[in-house]
Every structure is written in structure tokens, then in C-alpha cells.
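Required output: the full structure, derived from the provided sequences and hints.
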Amino acid sequence: MEVTTKSMPYEAWKDNEYIESLVNELKENGTNVIVGSFDKLINWGRSNSIWPLTFATSCCGIEFVSLGAARFDMARFGWEVARSSPRQADFIMVAGTIVHRMAPVLRRLYDQLAEPKYVIATGSCAVSGGPFKKSYHVVMGVDKIIPVDVYLPGCPPRPEAMIYAIMQLSRKMKVERFFGGVNRKEKQQEFLKEHPVEGVED
Amino acid sequence: MADIQERIAGQFPEATFDTSDVLTVEIPDSKLHALARFLRDELRFDFLVTIVGMDWVEKMGCIYYLQSTSDHSRIAIKATTADRENPMLHSIADLWHIAGIFEREVYDFFGIVFIGNPDMRRLFLSIDWKGYPLRKDYDPSLNPVPTENERQSDFTDTYVEHSDGKVVKEQARVFEEDDFVVNIGPQHPATHGVLRFRTAVDGETIRKIDVYMGYIHRGIEKICEGLTYPQTLHFMDRMDYFSAHNYHHGLCMTIEQAAGIEVSRRVQVIRVIMDELSRIASHCLFIGTFCMDLGATTMLFYTLRVREQILDIMDKTCGARMTFNYETIGGVMQDLHPDFVKDVKELLAVLPANLKEYDKLFTGNVITRNRMEGVGKMSREDAITWSVTGPSGRASGWACDIRKTHPYSIYPELDFEQVVMHEGDAMARFKVRMKEIEESAKIIAQLIDNIPEGEIQAKVAKVLKLPVGHWFRTVEGCRGAFGIYLESDGTVNPYRLKIVPPCLPAAAAVDHLTRGQKIADLITIGGSLDYIVPDMDR
Ligand code: SF4
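Keeping their order, the protein sequence lines are chains E and Y. So the first sequence is numbered by my numbering: it starts at 1 and just counts up by one. So the second sequence is numbered by my numbering: it starts at 1 and just counts up by one.
Just so you know, the hints here were simulated from the structure itself, not pulled from any lab data. Cβ atoms here follow ideal geometry from the backbone N, Cα and C, with glycine treated the same way. Honestly, I wouldn't trust all of these hints.
Coverage of chain E stretches by chain Y, computed from C-beta distances (three or more under 8 Å per stretch; other residues unrestricted) [claimed, not checked]: (1) 60-67; (2) 137-147.
For each label pair, taking beta carbons as the anchor points, the in silico distance ranges come out as [claimed, not checked]: (3) Y/E413 / E/S49: 44 to 50 Å; (4) E/M8 / Y/P338: 29 to 35 Å; (5) E/M140 / Y/R380: 25 to 31 Å; (6) E/Q112 / Y/T297: 22 to 28 Å; (7) E/S49 / Y/R207: 55 to 61 Å; (8) E/A12 / Y/P338: 28 to 34 Å; (9) Y/K136 / E/M140: 21 to 27 Å.
Below you can see the structure in the form of C-alpha cells.
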């Protein structure tokens with residue numbers, strides 16, 4: 001099964017093996033045919049209108065602003081409805097450095113997102129701490145506090161790279177099982193259990 | 001300066017002087033406050049540029065940089081204490097409003113307590129942070145990533161000195177007991193980054209704002225102490241990312257002057273053109289986001305059009321749209337792209353029409369005028385005592401442009417005006433920036449046709465060591481005076497690299513400017529001050 005999106009030729013993608021492994025996982029779990037086509041329909045809809053949370057802590061966030069403006073125009077892809085409230089958003093683009101003081105706040109924002117929810121770690125800082133590897137106050141990668149779906153390196157990544165990352169995310173959505181899609185949820189719960197943040201209701 | 005030194009020596013016989021860089025007066029802590037008052041009132045050093053906290057291991061202390069707003073000369077006061085367990089100095093928060101915030105920063109990083117400061121809380125780090133990170137003996141393993149929400153407190157400490165000389169710690173309230181406090185931020189679209197305002201309101205009216213920073217404090221100053229000089233440069237791109245060129249310029253210039261490196265005229269010209277291009281791009285983005293905050297969303301798309309054009313120019317020469325890492329010690333990274341001159345001329349050609357369009361769409365608009373005129377008035381005195389420099393300070397009638405007051409590089413040869421307005425309201429701050437775009441374009445037009453030939457990189461030692469000493473230099477960033485305090489102990493790493501950001505005072509002044517105003521005006525005032533949160537937090 002060739003999973004692609006927005007008329008990108010399948011061969012143009014990187015990381016096809018990863019998506020294929022997800023497809024195989026689906027197949028092994030034996031997707032029921034009827035539910036399968038419902039899934040397809042719903043996923044088609046979902047993956048074409050992913051709404052981001054307006055969330056930017058630093059430099060990378062400015063490129064996210066450029067992404068929204070006329071030149072790169074993310075409205076072409078159905079992502080332009082950037083929401084200021086996590087309750088209305090589908091994914092967080094963690095654009096910028098996350099520091100100790102911000103960590104519990106980010107976790108709370110993540111918890112407030114409505115299911116199904118996704119995270120893109122944007123920029124070296126969010127991926128691994130980036131240039132601030134030696135800092136006493138920077139979290140070395142947001143995957144220490146929330147589960148990450150797509151890693152996007154760069155300092156900052158260009159808007160084109162951001163488009164690519166969100167398209168990867170929509171590809172990932174396409175191979176999800178929406179009905180009875182327990183596998184993803186379970187993994188999420190496991191992650192959250194392993195990384196507890198007290199005082200935040202999950 | 002000699003007669004100033006004499007006058008100080010006459011009043012304060014215990015003072016000692018150091019003239020290696022800016023005239024520095026060392027004074028025992030007991031006379032610190034008196035000397036500061038004397039300098040402010042008698043010798044008219046009325047602008048507190050910054051307070052540099054220091055840890056020299058055998059003693060700790062602060063260096064206070066002061067500047068005169070009339071003749072722009074600088075002077076520094078140095079006060080130290082040998083007590084590492086309970087280091088204490090006297091506060092000067094009653095002389096300058098901004099000193100209260102600067103002292104909190106020093107307390108946060110070094111643990112030096114200021115006697116008499118009414119609000120001795122940490123500034124960037126959480127209440128439960130262990131240790132003081134900029135001390136030389138700090139152990140980072142003490143503070144893992146927190147797994148619980150930060151403890152909040154409505155109380156602050158003050159240290160009061162009694163007549164017998166004993167210092168007693170007392171508790172004070174941040175807000176009044178019956179205040180209704182609303183949280184704005186850290187995740188809020190109008191705070192321009194992760195800044196938090198704890199706002200005490202009475203209906204719609206703001207009573208007090210407690211500005212809560214540190215949500216993007218990255219510890220750049222401490223990281224730099226472990227890096228070589230060329231390695232420290234790239235952090236300058238990541239604080240105020242719109243002033244990347246200007247900040248780079250500032251640090252390169254400081255290191256070059258310390259090491260005695262000459263840069264070619266070609267490099268100087270390129271740097272100045274890049275600085276001014278950045279300023280145009282930065283002010284364009286300011287106009288866009290500010291208008292968007294006020295509800296005029298489309299303006300963002302108009303202004304980003306010009307910004308993208310500038311980013312393309314940068315992209316061709318520097319290879320990046322942001323975080324250019326372009327200036328190096330003694331030169332620049334790459335030579336100009338062959339299209340550079342042509343592209344810049346195209347930009348200059350379309351700029352006037354764009355500015356006219358902004359004016360037509362926004363400046364004269366009735367809603368705009370109602371929301372901005374007379375809102376968030378800052379007097380010249382306020383701007384000085386809060387150290388609000390840059391376009392925001394100039395909108396209050398304070399001529400504080402470093403390019404004019406402490407000219408560097410080739411600015412003295414250039415013909416441009418310092419834009420100063422006197423209304424001091426949000427509208428003035430907006431208009432100053434509009435005019436500054438024109439002035440920057442004027443500067444670029446003077447240079448673009450005669451970029452001299454020459455080397456783009458001076459010869460610099462592979463392993464760069466600076467002589468023992470200290471230097472304080474400033475440049476004009478897009479948002480105000482950006483300062484670097486550099487202290488070297490003769491090794492390949494800086495002993496201390498203190499960054500003086502223009503945005504910290506701007507954010508600190510929000511409390512003062514919004515008192516008694518409506519909540520909706522908080523957005524206008526905050527937006528018009530145009531602070532960048534990673535810049536103030538570092
Ligand atoms: S990855 Fe680079 S550009 Fe992005 S937030 Fe970190 S330092 Fe800034």
C-alpha cells in the first residue's frame with residue numbers, strides 16, 4: 001500500500017520504511033474490511049484539516065508565522081486554522097526551546113488537547129536541546145515530557161521543511177485505525193505513565 | 001573624566017579608580033547608595049544601563065554601569081563582598097525603578113541579596129531552584145527537569161536593615177489581600193512569546209501587573225563561559241532573532257577591540273548594510289504583528305511581503321533565512337552574493353510605496369487612532385528611570401540611539417536622522433518605527449553603490465585568547481541598546497560574558513504603564529513596546 005498525500009509521488013518521500021512498518025502492523029491486526037473503508041474516509045478528512053495550536057516559544061516560532069503568511073500559505077493544505085486554545089487544536093507544533101519552567105506548562109497544554117492529538121518537535125531545540133545542550137535550564141528534547149510523532153530538525157527549519165513535516169504527520173494519520181484504534185492510544189498512555197507530571201490531570 | 005574622578009575622590013575618599021576601560025569606581029558597600037545618589041543627582045549620570053553580577057571566587061559583587069543622558073559619558077561603580085554564604089549589598093532600587101529588576105536578576109544568578117529591595121524574589125528560575133547557576137561552583141545535577149507544577153506564592157521577601165546594623169528578612173505581599181488576580185500567559189497569543197502577566201484587576205481596570213519571566217530562560221551566559229570566543233557568537237542570533245546581525249556585530253566588535261583586530265572597510269560596510277536591512281525587516285514584522293494584535297490581521301500579510309524580500313537577500317548571501325551566523329571575529333563568513341546590490345536596490349525601490357500603503361491602510365484608520373492615541377503614555381523621565389531604550393524610548397522624547405550617542409563602525413560618516421517623538425504613547429512608538437524604516441533605507445542607499453573592495457576576513461589567531469581585562473560595549477539593536485560586558489582571564493574562554501538585552505526593561509515597564517488602564521489596552525501597550533521574550537530571558 002503506497003501511502004501518500006497532497007499529490008506527492010510516493011518515491012519522493014523519505015522514511016517510507018517507517019510508514020510501511022505501520023501499515024504492516026495494521027494488517028497483522030487484521031483490519032475488518034467495512035471498518036477499514038470507514039477508517040479511510042475519516043482519515044482522509046482528518047489528515048486534510050489538521051489544526052495547529054498557536055504555540056511558539058522562540059526563533060522557530062517566527063518561521064511558523066512565515067508559514068502562515070502569503071508566501072508559504074499553509075491554508076493550501078487545510079492547516080491554516082491555528083487555534084489559540086488547545087481544546088480546539090489537533091496538534092502542537094512545539095516550535096522553540098522548552099525550558100524547565102515551561103515543561104509542566106507544555107505538558108498541561110498537551111493534556112488539554114482533544115483526542116486524537118499529535119506532536120511535532122520542531123527545530124533542534126525541541127528535538128534534542130540543540131545549541132543549548134550544555135544549559136542548566138533547557139529540557140533536552142520534548143520527548144522527555146510528551147510523546148512525539150514527527151521530529152523536524154533544523155535551526156530553525158525552513159518553512160518548506162515544516163510543510164514536509166506536517167505532510168508526514170498527515171501520512172501517519174492515514175494509516176491509523178480510527179475505529180478501535182487502541183494501539184496508538186495504549187502507547188500514549190504508557191508514555192504518560194512513565195513520565196508523570198504531578199498536579200496535572202490526564 | 002579627570003575632574004569627575006577628582007570630585008568623586010573629594011566626596012568619597014575611600015573610593016579607588018580603574019581607568020582601563022570605562023572609568024570604574026570601587027567603593028565599599030556601605031557607601032554604595034550614597035555614591036550612586038551622588039552620581040545621579042550631582043554628576044547627572046541618570047541612566048542605569050545595567051547591573052553586572054560577578055563571581056570572582058574569592059569575592060562576589062556587582063558592577064553598575066551608568067550613563068549620562070546629556071553628554072552620554074559612562075561611568076561604572078563596583079561593589080564587592082567576600083561573604084559567599086550570605087552575600088549582601090545595599091539596594092539602589094529607590095534611585096532607579098529598573099534597578100529593582102536588575103537586582104532580582106543578580107540575586108537569581110548569584111544569590112547576592114540586596115538590602116532594601118522591596119521585592120527580592122527570583123526572576124527567571126523557579127522558587128524551589130537549588131543553588132545559583134552563574135556562580136563558578138554551581139552543580140547542575142541539583143536541578144533535574146521538574147515533574148510537578150511550579151509552586152506559586154503570593155509573597156515576596158524583603159531584607160530590612162535595622163538601626164543597629166542587623167539585617168532582618170521580612171515577608172511582603174505581591175498583591176493586596178483582596179486583589180482579584182487573573183493570569184495572562186505564558187501560552188497566550190498576545191504576549192508575543194511565553195511571558196506571563198499576573199494581573200490584578202478591578203473590573204476591567206488593571207491595578208498591578210506582576211511580570212513573570214523565565215519561561216524561555218536558556219542560560220546563555222553560563223554556556224558561553226565554557227565555550228571559546230568564536231563558539232559564543234552563534235547565541236547572539238538566538239536571543240532577539242530579528243536583530244541577529246546587530247547582536248553579532250556587537251559581540252564581534254567587543255572581541256575585536258579587546259584582541260586588537262582591525263577589520264577592513266569592506267567588512268564594516270557589509271555589516272552596517274546587514275544591520276540596517278535587519279532593522280527594516282524587524283520593524284516590518286513589528287508593524288504586522290502589532291496590527292494583528294489590534295485586530296487588523298491583513299496587515300501581517302502586507303508587511304511580511306517586504307520581510308520575505310529581505311530574507312531572500314539574506315538567504316542568498318548568508319545561506320539562511322534566520323539565525324545567519326554571518327559576522328565572524330575579524331570579518332564576515334562569506335562574501336556578498338553577486339546579486340546582492342541588484343536585489344537591495346529593488347528593495348529600496350519598492351519600499352516607499354509599501355510604507356505609503358501601510359499608512360493608508362492602518363495609520364490613519366479611525367479604530368487604530370482610537371486604540372492607540374494617548375494609550376500607554378510614557379514620559380521621558382519614566383523611559384529613563386525604567387531604562388527603556390530604542391524606538392520605545394525615542395517615542396518618549398529621549399534621544400538614546402547608540403548609533404548617535406556612542407557611534408561605532410562607520411556610523412559617524414553616515415547621514416541619517418535620529419527619529420525622536422514626544423507624545424510617548426503607543427501611536428508615537430508605532431510612528432517612530434515607521435520613520436526608522438525610512439532612515440535605514442537612507443543609510444543603505446548611501447552605501448550600496450560604493451561597497452569598497454577588500455578582504456572579508458582579517459587574520460585571526462586559530463586559538464583566540466584575549467588579554468586579561470574587561471570591556472563594555474553597546475550597539476543599537478532593533479529594539480534598543482544592546483550591551484556586552486566581557487571579562488577575560490587570559491584563557492580561550494570568556495570568564496564572564498554578560499548580555500544586556502533591551503527587552504528586559506521594556507517588559508518590566510509594562511506594570512508601570514498599564515496601571516489604571518483597561519485590560520484591552522494591555523495588548524496595545526505590550527505590543528507597542530515590541531519586546532522579544534527570548535531576548536529578555538536569554
Ligand atoms: S532550534 Fe534553533 S531556531 Fe529553533 S528555537 Fe532552537 S535555537 Fe531557535
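Structure-based check of each hint:
As drawn, the segment 60-67 of chain E meets chain Y at 5 residues by the rule of a beta-carbon pair under 8 Å; at three or more, the given contact holds. Counting residues of the segment 137-147 of chain E whose beta carbon lies closer than 8 Å to any beta carbon of chain Y gives 5, which meets the minimum of three for the stated coverage. For the pair Y/E413 and E/S49, the beta carbons lie near 56 Å from each other, so the given range of 44 to 50 Å is not met. Distance hint check: the CB atoms of E/M8 and Y/P338 are about 34 Å apart, consistent with the given range 29 to 35 Å.
Against the hinted window of 25 to 31 Å, the Cβ-Cβ separation of E/M140 and Y/R380 comes to about 45 Å, which falls outside the hint. Between E/Q112 and Y/T297 the beta carbons are some 25 Å apart, a value that agrees with the proposed interval 22 to 28 Å. The supplied range of 55 to 61 Å is broken by E/S49 and Y/R207, whose beta-carbon atoms lie about 43 Å from each other. Between E/A12 and Y/P338 the C-beta distance comes to about 31 Å, which sits within the given range of 28 to 34 Å.
Y/K136 and E/M140 have their C-beta atoms about 23 Å apart, which keeps the hinted 21 to 27 Å range intact.
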